[in-house]
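So the sequences go chain by chain: W and F. Just so you know, we're using the working numbering here: the first sequence kicks off at 60 and counts up by one. Just so you know, we're using the working numbering here: the second sequence kicks off at 5 and counts up by one.
Among the hints, erroneous ones may be present.
Restricting the straight-line Cα-Cα distance to at most 30 angstroms, the calculated cross-link-like pairs of lysine-lysine (DSSO-like) are [stated by the list, open to error]: (1) K142(W) with K115(W); (2) K100(F) with K18(F); (3) K100(F) with K293(F); (4) K524(W) with K437(W); (5) K669(W) with K68(F); (6) K79(F) with K18(F); (7) K566(W) with K199(W); (8) K286(W) with K619(W); (9) K669(W) with K79(F); (10) K100(F) with K80(F); (11) K639(W) with K245(F); (12) K669(W) with K245(F); (13) K639(W) with K100(F); (14) K286(W) with K199(W); (15) K437(W) with K314(W); (16) K172(W) with K245(F); (17) K661(W) with K245(F); (18) K80(F) with K661(W); (19) K661(W) with K79(F); (20) K257(W) with K292(W); (21) K68(F) with K661(W); (22) K669(W) with K100(F); (23) K639(W) with K286(W); (24) K566(W) with K299(F); (25) K242(W) with K340(W); (26) K68(F) with K639(W); (27) K100(F) with K566(W); (28) K661(W) with K100(F); (29) K669(W) with K80(F).
It is worth saying that the hints were derived from the structure and are not from the lab. As the structure is a prediction and not an experimental result, all values here were calculated from the model.
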Amino acid sequence: MRIGVFVCRCGTNIANTVDTEAVANKALEYPDVTHATDYMYTCSEPGQQEIQQAIKEHALQGIVVAACSPRMHEATFRRAVEKAGLNRYMFEQANIREHCSWISSDIEANTRKAMDLVRMSVEKLRFNQPLFSSYVPINKRVLVIGGGVAGIQAALDCAEGGLDVVMVERESTIGGKMAKLDKTFPTIDCSSCILGPKMVDVAQNDNIHLYAYSEIDSVSGYIGNFKVGIRKKATYVDWDACTGCGLCTEKCPAKKCYDRFNEGLGTTTAINIPFPQAIPKKACIDADYCRYFTKGKCKVCQKLCPTSAIRFEMEDEIVTEEVGAIVVATGYDLFDDSVYGEYGGGHYPDVISAMQYERLLSAAGPTGGHIRRPSDGKAPKDIVWLSCIGSRDASVGRPYCSGICCMYIAKQATMTRDHLPDCNCYVSYMDIRAPGKNYDEFVRRAQEEYGVQYFRGRVGKIYPKGDRLIVQGADTLLGIQIEIEADLVVLATGIEPSDGARGLAEKLRISYDDYGFYMESHPKLRPVETNTAGVYLSGVCQGPKDIPASVGQGSAAAAKVQALFSRDTIETDPQVANVKEIACIGCGKCIDVCPFGAIQWKTLRDGSQKAQVLETVCQGCGLCNATCPPKAIQLQHCTDDQILAEVNALCG
Amino acid sequence: MGSKTEALAKQFEKVFDDLELVIGWETGFDSLHATPAFIRQPSALGRLIWNPFCSHNLSGYLTKTLNATAQEDAKKIGICVKGCDSRSVVALIQEKFISRERLYIAGIPCRGTVDLRRLMRLKPSLKDVNTVHIEGNELAVETARQTHRFPLQDVLLRKCLQCRYPNPVLYDELIGEPLTPRVTEGQAPPFVDKLEAHSLEQRRVFWERELDRCIRCYACRNACPLCVCQDNCILESRMPKWLSQRSGMSEKFFFHMIHAVHLAGRCTECGECERVCPMEIPVALMKEKLNQVVKELLDYEAGLNPETQPPLLTFDPSETGI
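If we strip away everything but chain W, and leave its shape as in the complex, we get (with noise of 0.2 angstroms):
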């Protein structure tokens, strides 16, 4: 083989602690390297064309391209390389920048280490093997997981550009955690008012389909040709009978029920419908509570249905759906305040989470929209918010910032100056993060025009005194002490990934962080994709982010969507693994041990049973290989030999 090596300078990136022309002139001892040099910027255009250049003047076979990481330019080089008529696995990228040149300065040492990552790229490459890709037909369907507001916007984006989308959801409607707030910041638009139109959109667009009160249950297949088992859990109803004229709501003996949708302020009927603009509109009930399932006798609800909509006997049902992308905007849940024993969430009834007083300032909340504290249904003089409850604190496992409470502090306070003009609040915050288009205003305007008081400083306990609750802190830019006696407590509770969001990544096999979030391809290149190809994030499930963002996400993932789907096949990685037949013992231990179901049994004409890869569900991971006794099964172009070059290139 004849080989070229191109050591990148990258500006001064590398040049600097690196002797990118000592690395290029060592390269040349190395076996089959018959030309090497060192250029500038390599992956600019005429860095490109130095290397096409090169292929025809000096015949080359295979390249190395000594720069950066593969993550970076692979891509570029392999298309460069392939335009010269090579093809693109006769490509190896060495990085000497992330693994080199930036992590010491010592320039002896990055030019030995250098020369060491260019020699295990040669040798390697000379085991290297022109691949070729396939191509699969991509079915254009496209499944959404979640119903809150990221996910209406993705889906209806989607269904406006002609596919067909099927959106499925939890709970028993759509809307998620937006269907619940009153108003929005910062410009105080009625929550429902402006979420409600997309929700009808997505009940009344022909191209959607709504699987409501449905999990995920299995996702099996590959980008393009992807197969969704649907959960539809039994809600006792059947609702293409049901028309939600809610007489059974009304009628339901079982009234002490926990009402989710309220955040439990109140109760609610085990047969219930969560709110009048709910979609779908129909009943479910909740077998927890219903006097049939608990008791064993009740029925009131058959009894009085007027379509016969109601059906004990139902069971869960899984439904296959066929898609060839997902977008996953599973949102999240709230902060459990209970942790922080000192303040008294869930101990005191007068202190809230913050979206517990969202559901008071609702007109359809328990209270009509007025401010009536829990305990004893009075008018409160007195409110204090405190921020970062389950935010920027490491010592609940919760480092980062939630994103939102700042805002919706000053929301909240600004429309309880609004409804209750006499009532003091309070703000106790670490510091304001308000880095939005007129977010920074609207909490000065909540300061300077509404008269909330807001105090930097930490409160470190609250003990009721009578039937009100003294809040002890400092305020830390006075140095002072403070002690205030509230009718009220609002923790502003933060964010967490929703309550089965690391269960859904194993199914979906896209990785999360310690938190539970789900990870982005690339934090800043590639925010929506993920890294399983045709599936794509949106909204808070992959991090903290306000409806804006959220919204902003939705469209960007189903432009990801449409992007795909705007060709008709999807060319197949050949950095699969791959079965030498002859030597397969035909034990099936790689069947086993594949995570993607991507390795079936073929029969040979004699009757032998050897393993056979699914190349278009295969994910490269290696595990086959691994396992393999004989290693008969190999990973294309990570073979052992490739490796084991590379190890005796290093330790040779």
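Starting from the known structure of chain W, arrange chain F on it as the hints suggest.
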């Protein structure tokens, strides 16, 4: 002991109509050596023997020379197993190399089998043995002239000295009464612990001294019932090429490491690798160590239950602590 030999033949006679073959032991080229017997006629069942010389694990033949997976209408294969051998059979069933339906298993509770090399070192002149059996803590060898007695500690195979499974874990018929294990957990530390008590440096010296003798004859691999790659062993593959033919410590060490790692969580500690080693290298120790690790990390012991899946042959994302 004679009674067990007879019971074995009798049992197979009873069921022979359903069998195409019985694999057991018979007397070999002299009275000290047992050898595998392959019996296809009921009239030849009298050749079968059972005594402490029957150390061979016969389960390897099920995969290496016979295709013991289920075939329609095929008759069964009868096989004699000791406790340790039965675990190999279980492992082979787990890995689907043989099917339970195809087997008729005669299980023999075993007090231990003899390491002939140790015995001959104690009594080089030993020959013309009439009977051999275990009495209490002694091996009684009766020759034409006299009965020799040897303490079991001095003559048994190393694996038998730390035997936890004297009784077969899987069988159709048990020949004889179940026995109490020689070693239960927490008792008499196994050989691995003894070796591990030494420093890293001492262990390196130990293994260099031991493995230096390896002639890479691959007898250990060939005797292993769970070395299932047979003619496609990675050690002889040139593509991929993991190992060269160079004769050096690193190559020898690498060979034994590959063998051990391929058996991690699979080895049933039958000790065949060590028994057949012409250079008397304690090669099974490496596998015992790996089994200890698998037990600690994954709470799994190989070859006990045909229904379970060996943990290293699955993918479970919820596995922790690894």
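Verification of the hints:
| no. | hint | in the structure |
| --- | --- | --- |
| 1 | K142(W) with K115(W) | holds, 11 angstroms |
| 2 | K100(F) with K18(F) | holds, 28 angstroms |
| 3 | K100(F) with K293(F) | holds, 25 angstroms |
| 4 | K524(W) with K437(W) | holds, 16 angstroms |
| 5 | K669(W) with K68(F) | holds, 18 angstroms |
| 6 | K79(F) with K18(F) | holds, 15 angstroms |
| 7 | K566(W) with K199(W) | holds, 21 angstroms |
| 8 | K286(W) with K619(W) | holds, 20 angstroms |
| 9 | K669(W) with K79(F) | holds, 26 angstroms |
| 10 | K100(F) with K80(F) | holds, 16 angstroms |
| 11 | K639(W) with K245(F) | holds, 14 angstroms |
| 12 | K669(W) with K245(F) | holds, 22 angstroms |
| 13 | K639(W) with K100(F) | holds, 21 angstroms |
| 14 | K286(W) with K199(W) | holds, 13 angstroms |
| 15 | K437(W) with K314(W) | holds, 23 angstroms |
| 16 | K172(W) with K245(F) | holds, 26 angstroms |
| 17 | K661(W) with K245(F) | holds, 26 angstroms |
| 18 | K80(F) with K661(W) | holds, 27 angstroms |
| 19 | K661(W) with K79(F) | holds, 27 angstroms |
| 20 | K257(W) with K292(W) | holds, 25 angstroms |
| 21 | K68(F) with K661(W) | holds, 22 angstroms |
| 22 | K669(W) with K100(F) | holds, 13 angstroms |
| 23 | K639(W) with K286(W) | holds, 29 angstroms |
| 24 | K566(W) with K299(F) | holds, 29 angstroms |
| 25 | K242(W) with K340(W) | holds, 22 angstroms |
| 26 | K68(F) with K639(W) | holds, 21 angstroms |
| 27 | K100(F) with K566(W) | holds, 28 angstroms |
| 28 | K661(W) with K100(F) | holds, 16 angstroms |
| 29 | K669(W) with K80(F) | holds, 25 angstroms |
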